[in-house]
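Protein chains: 2
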Amino acid sequence: MTNVVKLTEVSLRDGSHAVSHQFTAEEVGSVVRALDEAGMHYIEVSHGDGLGGSTLQYGKSLVDEMKLIERAVAEAQSSKIAVLLIPGIGTVHELKQAHELGAKLVRVATHVTEADVSAQHIAKAKELGMESLGFLMMAHSAPVEKLVEQAKLMESYGAEAVYITDSAGALLPEQVRERVRALRQALTCEVGFHAHNNLSLAVANTLIAIEEGATRIDSSVCGLGAGAGNTQTEVLTAVLDLMGQNPGIDVYKMMDLAESVVTPIMKRPQLVDKGSLALGYSGVYSSFLIHSERAAKRFGLDPRDILVELGKRKVVGGQEDMILDVASELAKMK
Amino acid sequence: MTNVVKLTEVSLRDGSHAVSHQFTAEEVGSVVRALDEAGMHYIEVSHGDGLGGSTLQYGKSLVDEMKLIERAVAEAQSSKIAVLLIPGIGTVHELKQAHELGAKLVRVATHVTEADVSAQHIAKAKELGMESLGFLMMAHSAPVEKLVEQAKLMESYGAEAVYITDSAGALLPEQVRERVRALRQALTCEVGFHAHNNLSLAVANTLIAIEEGATRIDSSVCGLGAGAGNTQTEVLTAVLDLMGQNPGIDVYKMMDLAESVVTPIMKRPQLVDKGSLALGYSGVYSSFLIHSERAAKRFGLDPRDILVELGKRKVVGGQEDMILDVASELAKMK
Chain A
1 MTNVVKLTEV SLRDGSHAVS HQFTAEEVGS VVRALDEAGM HYIEVSHGDG LGGSTLQYGK
61 SLVDEMKLIE RAVAEAQSSK IAVLLIPGIG TVHELKQAHE LGAKLVRVAT HVTEADVSAQ
121 HIAKAKELGM ESLGFLMMAH SAPVEKLVEQ AKLMESYGAE AVYITDSAGA LLPEQVRERV
181 RALRQALTCE VGFHAHNNLS LAVANTLIAI EEGATRIDSS VCGLGAGAGN TQTEVLTAVL
241 DLMGQNPGID VYKMMDLAES VVTPIMKRPQ LVDKGSLALG YSGVYSSFLI HSERAAKRFG
301 LDPRDILVEL GKRKVVGGQE DMILDVASEL AKMK
Chain B
1 MTNVVKLTEV SLRDGSHAVS HQFTAEEVGS VVRALDEAGM HYIEVSHGDG LGGSTLQYGK
61 SLVDEMKLIE RAVAEAQSSK IAVLLIPGIG TVHELKQAHE LGAKLVRVAT HVTEADVSAQ
121 HIAKAKELGM ESLGFLMMAH SAPVEKLVEQ AKLMESYGAE AVYITDSAGA LLPEQVRERV
181 RALRQALTCE VGFHAHNNLS LAVANTLIAI EEGATRIDSS VCGLGAGAGN TQTEVLTAVL
241 DLMGQNPGID VYKMMDLAES VVTPIMKRPQ LVDKGSLALG YSGVYSSFLI HSERAAKRFG
301 LDPRDILVEL GKRKVVGGQE DMILDVASEL AKMK
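Protein chains in written order, with our numbering: chain A, 1 to 334; chain B, 1 to 334.
Source of the hints: derived by calculation from the structure; they are not laboratory data. Accuracy of the hints is not assured; some may be wrong.
[Claimed, not checked] Distance condition first, Cα-Cα at most 30 Å in a straight line; then the derived DSBU-like pairs of lysine-lysine:
id : chain 1 : residue 1 : chain 2 : residue 2
1  : B       : K332      : B       : K67
2  : B       : K332      : A       : K274
3  : A       : K253      : B       : K332
[Stated by the list, open to error] One side of the interface only, derived from the structure: several residues of chain A facing chain B at Cβ under 10 Å:
id : residue
4  : A74
5  : Q77
6  : K80
7  : N197
8  : N198
9  : S200
10 : A204
11 : C222
12 : E234
13 : D256
14 : G275
15 : D321
16 : M322
17 : L324
18 : S328
19 : A331
[Said to hold, decoys possible] With beta-carbon atoms standing in for the labels, derived distance ranges:
id : chain 1 : residue 1 : chain 2 : residue 2 : range
20 : B       : K334      : A       : K267      : 56 to 64 Å
21 : A       : K126      : B       : K314      : 48 to 56 Å
22 : B       : V4        : A       : R268      : 36 to 44 Å
23 : A       : E178      : B       : G248      : 22 to 30 Å
24 : B       : V117      : A       : N246      : 33 to 41 Å
25 : A       : R268      : B       : G248      : 50 to 58 Å
26 : A       : V117      : B       : K334      : 20 to 28 Å
27 : A       : E174      : B       : V117      : 34 to 42 Å
28 : B       : V117      : A       : S20       : 53 to 61 Å
29 : A       : Q57       : B       : G317      : 13 to 21 Å
Since the model is a prediction, treat every value here as computed from it, not as a measurement. Virtual Cβ for every residue (Gly too), placed ideally from N, Cα, C.
Starting from the given sequences, assemble the full structure and let the hints guide the process.
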């Protein structure tokens, strides 16, 4: 017996990175309308770095995300609008605002070892009557026991599901299986999975997550998302349909909107190119790529050697200043 | 214990479709030189439809494939040059010519139910002292028992390996597992696997094939190939490296040549777009796509309904005249 999977479309949030946060209200409106007609369950609309992400540090949004959320809510007949919140970037203030505009679900996202900072926001969302979920980013970088421990924390705060978030697209199929299985055994709440395609494994890893009992699944039409992009929605739903596990999606409509609605708003096709492959190979978050390339030039190194070393040290977003230290050490060892 | 995998790079043969058979000798030379330096085992060079494919029906090559093979042989220090031959398109004459120019391996390709037409060519190649392999195309369209029966025929003709060729990119992971496992049990010769990425499963399916004991693996740099393209070589080798199963490839060089040597000769990026997804979803070969789109327009149908019906009827390349019959029947049922 397979539990019915609930899909969350992330192109209007993770894809914000891929378009440098330049979504217009018209684009968001047309994507939401088409996804709603195709039967998508949840549609996430936020800055790429979540509510409140529109800053000089993370990239300014062209249009205030609250206006985008408002537009999305207005266009959706059946789909529910979701938001992402990273504590430290977004605050309770923005959460309330999104809720008042009609957002029904929030994913509270932390680094895989920092679940404790999600307590307040998970609780607050529940108090507001929203679905409140946890989202453990860079899940590949922690041992399975640590992931389980952190997921249990999120569950204890009230999360109705906890996501394994493969932010760098670095998880191998058996690593996905092991992690979903461990969380399913340890938690009573639902388990979710969010993939990136840096190793060209996003669809396959998602199928394994579903096989192991994950019921909250993220995907993105045309893969539109950071790095090599996410699990491609129209492909995943076609495959689930072939497997007799279609969770209520109109597969033809999903294929059609990929071509006619999403492709025209993309800046570039979503490929596994040299940069995104290097990130998946090293298990490092995309914000490290450009700085590693610069440091490599300065120290006469291959940027991939820097990324691989950073991956071994399990760097966290915000630790970009470690790049020069690592590059300098590697240069001395040459 | 994993057997050591031997990789065959197919961008200069399957990728011939993607560039409308317009490869120049310089392009072939630069790709072969770079692949050779990265440690690729075999490099296939032929018209997309195999030796002798340069015709009005299959598409004329810009440069005579024998000149391309000659150039490839001249550039390769360690890599062996391979050719593809489809009996009925290519003949013993071209096989001899390729052998004289230095091709060391041939894959004799037939539809999955027509292995018997490969007997003469498999035997001839062995007589010439070439490695002689069988290649069962559209392998998804036959029941496993039929696949086994046909593979055993090829083995009986002297094939040193038989490939499961997922020409439409339609096989699901468990279907790959079942098929490789069945061939491994039934054959004493090696088993090979050739994937297409129409369902975004090429890399994952290839990993499963290897796990089940396939030792001859096809891939293509940047995925350059028909439909949604093949298993992306630089991604597959990076993943095998992460799994501790690198079969002797310089992973950085492979990533580099993808960007600097292959990307510049591509006409378009290799994506899972609406057309290629429809082919994977229906399990129909790419030559049916454009005709189905035309018939759909004429009969007021969705081309995917025609493709799905053609898939159910297990059409074979050459049966494109069935498209109008199917379209007319579907239109009557509306």
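To see whether the hints hold, each was checked on the structure:
Of the supplied pair hints, the one linking K332(B) and K67(B) is violated, its CA atoms being roughly 51 Å apart against a limit of 30 Å. A hinted pair counts as satisfied when its Cα atoms are at most 30 Å apart, and K332(B) with K274(A) does not qualify at roughly 50 Å. The straight-line distance between the Cα atoms of K253(A) and K332(B) is roughly 23 Å, inside the 30 Å bound, and the hint therefore holds. Residue-level restraint check for A74(A) is violated (minimum Cβ-Cβ distance to chain B is 28 Å; threshold 10 Å).
The interface hint given for Q77(A) is broken, as the beta carbon of that residue sits about 23 Å from the closest beta carbon of chain B, more than 10 Å. For K80(A), the suggested interface contact is broken, since its CB lies about 26 Å from the closest CB of chain B, more than 10 Å. Proximity of N197(A) to chain B holds as hinted, the smallest CB-CB distance being about 8 Å (cut-off 10 Å). Proximity of N198(A) to chain B holds as hinted, the smallest CB-CB distance being about 9 Å (cut-off 10 Å).
Interface restraint check: S200(A) against chain B, minimum CB-CB distance 4 Å, threshold 10 Å, status holds. Because the smallest distance between the Cβ of A204(A) and any Cβ of chain B comes to about 3 Å, under 10 Å, the interface hint for this residue holds. At its closest, the beta carbon of C222(A) sits 8 Å from a beta carbon of chain B; the interface hint therefore holds under the 10 Å criterion. Taking 10 Å as the C-beta contact cut-off toward chain B, the hint placing E234(A) at the interface holds, the least distance being around 6 Å.
Residue-level restraint check for D256(A) holds (minimum Cβ-Cβ distance to chain B is 7 Å; threshold 10 Å). Taking 10 Å as the C-beta contact cut-off toward chain B, the hint placing G275(A) at the interface holds, the least distance being around 9 Å. With a least beta-carbon distance of about 26 Å to chain B, the hint placing D321(A) at the interface is violated under the 10 Å criterion. For M322(A), the interface hint is violated, since its Cβ never comes within 10 Å of a Cβ in chain B; the closest pair sits about 22 Å apart.
At about 22 Å, the closest approach between the beta carbon of L324(A) and any beta carbon in chain B exceeds 10 Å, and the interface hint on this residue is violated. At a threshold of 10 Å, the smallest CB-CB gap from S328(A) to chain B is about 21 Å, leaving the interface hint violated. Given the 10 Å rule on beta carbons, the hint for A331(A) is violated: about 17 Å separates it from the nearest Cβ of chain B. One distance hint, 56 to 64 Å for the beta-carbon pair K334(B) and K267(A), is violated here, with the actual separation near 40 Å.
For K126(A) paired with K314(B), a C-beta distance near 53 Å keeps the hint of 48 to 56 Å intact. At about 37 Å, the beta-carbon gap between V4(B) and R268(A) stays in the expected band of 36 to 44 Å. The hint said 22 to 30 Å for the Cβ distance between E178(A) and G248(B), and at roughly 28 Å that hint holds. Between V117(B) and N246(A), the C-beta spacing of about 39 Å keeps the proposed range 33 to 41 Å intact.
Taking the beta carbon of each, R268(A) and G248(B) are about 33 Å apart, not inside 50 to 58 Å as hinted. At about 57 Å, the beta-carbon gap between V117(A) and K334(B) misses the expected band of 20 to 28 Å. Look at E174(A) against V117(B): about 40 Å separates their beta carbons, and that is inside 34 to 42 Å. Taking the beta carbon of each, V117(B) and S20(A) are about 55 Å apart, inside 53 to 61 Å as hinted.
Between Q57(A) and G317(B) the Cβ separation comes to about 55 Å, which falls outside the hinted range of 13 to 21 Å.
When each numbered hint is compared with the structure, violations occur for hints 1, 2, 4, 5, 6, 15, 16, 17, 18, 19, 20, 25, 26, 29.
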